[in-house]
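Visitor: Sequence:
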Amino acid sequence: MDRFDRCPETALDWHRAGKGAVLATVIETWGSAPRRVGSQLAISGVGEIEGSVSGGCVEGAVVVEAMDALEDGAPRELEFGVSDQDAFAVGLACGGTIRVLLEPVGAVLPEAILDQLVKFRAARQPVAYVVDLDTQTRSLVTDGHASAFRMDRSGFVEDSRRFVAIHNPPLRLIIVGAVHIAQALVPMARIAGYDPTLIDPREAFGSDSRFPGETILHDWPDEAISHLGLDSRTALVLLTHDPKLDDPALEQALRASCFYIGALGSKRTHAKRVERLTAAGFSEGEIAQIHGPIGLDIGASGPAEIAVSVLAEMTRVLRQGA
1 MDRFDRCPET
11 ALDWHRAGKG
21 AVLATVIETW
31 GSAPRRVGSQ
41 LAISGVGEIE
51 GSVSGGCVEG
61 AVVVEAMDAL
71 EDGAPRELEF
81 GVSDQDAFAV
91 GLACGGTIRV
101 LLEPVGAVLP
111 EAILDQLVKF
121 RAARQPVAYV
131 VDLDTQTRSL
141 VTDGHASAFR
151 MDRSGFVEDS
161 RRFVAIHNPP
171 LRLIIVGAVH
181 IAQALVPMAR
191 IAGYDPTLID
201 PREAFGSDSR
211 FPGETILHDW
221 PDEAISHLGL
231 DSRTALVLLT
241 HDPKLDDPAL
251 EQALRASCFY
261 IGALGSKRTH
271 AKRVERLTAA
281 GFSEGEIAQI
291 HGPIGLDIGA
301 SGPAEIAVSV
311 LAEMTRVLRQ
321 GA
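Under the working numbering, the first residue of the sequence shown carries the number 1, and numbering increases by one thereafter.
Treat the hints with caution; some may be incorrect.
In silico lysine-lysine, BS3-like type, Cα no more than 27 Å apart, as pairs [what the hints assert, rightly or not]:
# : residue 1 : residue 2
1 : 267       : 244
2 : 119       : 244
3 : 244       : 272
Hint data in this document are derived by calculation from the structure and do not stem from the laboratory.
Kindly generate the complete structure, drawing on both the sequences and the hints.
Guide: Here's what the structure looks like:
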């Protein structure tokens with residue numbers, strides 16, 4: 001998914017309201033397709049839509065086919081060629097081809113499975129929806145498909161007609177320390193798809209004037225993090241240099257499941273941090289989760305370049321696992 005859209009939730013609501021609903025999913029693309037594999041469009045029986053499978057090129061045709069699928073209660077696989085002219089209209093240099101799977105809710109996609117999928121998403125738990133297009137069997141799985149989960153990449157299992165739709169929670173970034181680096185990192189991270197939250201009990205640092213429109217918590221970091229929670233789609237970045245602020249947050253993060261922990265500071269500062277955490281009872285393996293000094297070594301100079309190095313390291317860990 002490009003973003004945490006609400007197509008499954010909306011389709012379930014429409015179905016339960018008696019309107020009827022179809023979920024359309026991009027299952028394969030060739031060329032410069034407007035939307036990536038896994039993108040969805042929800043269509044109600046009265047013609048309401050949410051989401052997109054093509055950026056506007058073929059939605060009308062998909063809606064017509066969805067109405068027919070809803071009437072006959074059967075799945076459909078559609079293939080569309082997006083012309084160069086249509087592709088240009090949605091911001092692409094050239095066209096491509098997409099395949100779309102239509103699944104009427106209830107008749108094809110069981111309500112119980114869709115309900116469970118919605119619950120997984122609400123709980124921020126990664127889950128894969130697996131459909132075998134030959135046998136028309138459907139299931140939800142949380143194990144396996146490690147590479148697909150890590151890369152946010154839906155698609156067919158090799159040499160099969162088994163399609164795996166990855167439903168990952170949206171990425172979050174929790175930043176402790178509303179400093180100059182954070183002023184550069186927050187907008188960069190938002191562009192990259194993260195939902196950022198700033199934590200700093202020092203209101204002069206974490207002010208609306210310095211971070212307009214952003215979520216800022218003025219609690220102590222350990223209290224704020226306990227409230228926010230940490231999970232496998234959350235990155236934690238510590239920028240204060242102050243052990244009173246950083247260490248309580250670190251102690252929670254090291255025993256949680258966030259995919260990235262980064263702490264600002266020199267090698268000497270990090271060595272002292274390791275000493276403190278060791279004395280607090282953390283193992284070498286737990287402490288090794290911390291990326292410190294923070295960021296990829298690109299010779300960064302100044303807050304903006306340091307922010308670039310941090311976001312780059314977060315991306316490497318997210319996609320490569322190290």
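Visitor: Hints first: check each against the structure and report whether it holds.
Guide: A quick look at each hint next to the structure:
Distance restraint check for residue 267 and residue 244: the Cα-Cα separation of roughly 19 Å lies within the 27 Å cut-off, and the hinted pair is therefore satisfied. Pair hint residue 119 plus residue 244 does not hold up; C-alpha atoms about 37 Å apart against a cutoff of 27 Å. Distance hint between residue 244 and residue 272 is fulfilled; the C-alpha atoms sit about 13 Å from each other, no more than 27 Å.
The structure is inconsistent with hint 2 alone, although it conforms to all the rest.
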